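Chains as they are written, first to last, in the working numbering: chain A, 1 to 144; chain B, 1 to 144.
Think of the hints as simulated: they come from the structure by calculation, not from any bench.
These numbers were taken from a predicted model, which means no experiment stands behind them.
Incorrect hints may have been included.
Because identical chains share one entry, a pair is satisfied inside a single copy or across any pair of copies.
What the hints assert, rightly or not - Okay, derived cross-link-like pairs now, DMTMM-like style, lysine to aspartate or glutamate, Cα gap no bigger than 25 Å in a straight line:
hint: 1; residue 1: Lys114; residue 2: Glu26
hint: 2; residue 1: Lys114; residue 2: Glu74
hint: 3; residue 1: Lys114; residue 2: Glu84
hint: 4; residue 1: Lys114; residue 2: Asp29
There are 2 protein chains.
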Amino acid sequence: MSPQEQPVKEQRRTRQRAAVDEVLDETEDFISAQDLHAILRTRGMSVGLATVYRTLQTLADDGRVDVLRTAGGEAAYRRCARDEHHHHMVCRSCGATVEIAGPAVERWTNSVAKEHGYVDVSHTLEIFGTCPRCAAQSGGPAGR
Amino acid sequence: MSPQEQPVKEQRRTRQRAAVDEVLDETEDFISAQDLHAILRTRGMSVGLATVYRTLQTLADDGRVDVLRTAGGEAAYRRCARDEHHHHMVCRSCGATVEIAGPAVERWTNSVAKEHGYVDVSHTLEIFGTCPRCAAQSGGPAGR
DNA sequence: GACCTTTTGACAATGGTTGTCATGCTACAT
DNA sequence: ATGTAGCATGACAACCATTGTCAAAAGGTC
Ligand SMILES: [Zn+2]
Ligand SMILES: [Zn+2]
Ligand SMILES: [Zn+2]
Ligand SMILES: [Zn+2]
């Protein structure tokens, strides 16, 4: 997997990129470009929306942040603790995210791909649910 | 999983829905609402775009077609052979789709969820790659 | 056919994302 | 420090998939 490791193209240090970076560092949950931009505005930091989009996209391309598509189809970004390939379990209600690694799943996808002759494979795997905190809050003992 | 099975709300039979249904029956690969609409136009069948969207959404809600989000974020639909829960391996180049079922993966997601106290969980899992045919065509022996 | 309800479709509106391009700034050499 | 070359930025337009609107059309029923 990942045959050609991009050397992560050299990038210039700019105020805007630092700002985006900072928000990402402080944010536990996945965040959309729009929301990140809103936060920057709130803080009085002026950064163009297009720049936020570009910056996040670049970070994602370089594998420096993880991306996932929300149910609504929007892209959401997150700086993750571990660097290796992994997946996420996200709370639908509060966004609480747990990073999960499943070697077995990775093996399985590879074997399935090989079995059918598919090459250059990648995959997406996300788990959505309600985290314990949110479940306790709204669900009560006899949930739903 | 799926505690409340919707009895699939009664629907009226209309020319438009039949048309969409027919295309879905003939189409092996995942297809977007836009593309399906285009096909209908090609065939001279006049069906409003909004209607195509509504019809596909309804079918998806009723679980009569599977949905996935393309890399570009568009929704794509497909009538699948098996009725039970399963996933897909899709060719990035030609769209060739293989239905795959992985009991182990299902068990794994459930155990992970339980382990972290997440409830009411669902998941998405898609494999993308290049099918044997497309690989042979463009890739050649010393691919890339 | 009469009648009521659902469905349709043309078009506007939405909303996330990307393209444009003149201007700004970083990095680096002088 | 100054100059320069080229990447980066931002305001705004453009895109494009998807959804909302609502009067007109069609399905189902008696
Ligand atoms: Zn939560
Ligand atoms: Zn994986
Ligand atoms: Zn193919
Ligand atoms: Zn599954």
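Taking the hints in turn, this is what the structure says about them:
1. In this homomeric assembly, Lys114 and Glu26 never come within 25 Å of each other (Cα to Cα): the closest approach is 40 Å inside a single copy and 28 Å across copies.
2. For the identical chains of this complex, Lys114 and Glu74 are neighbours neither inside a copy (31 Å) nor across copies (27 Å), given an alpha-carbon limit of 25 Å.
3. Within a single copy, Lys114 and Glu84 get their C-alpha atoms as close as 22 Å, and across copies as close as 24 Å, so both meet the 25 Å cut-off.
4. Taking the closest pair of Cα atoms, Lys114 and Asp29 come within 25 Å of each other only across two copies (20 Å); inside a single copy the shortest separation is 34 Å, beyond that limit.
When each numbered hint is compared with the structure, violations occur for hints 1, 2.
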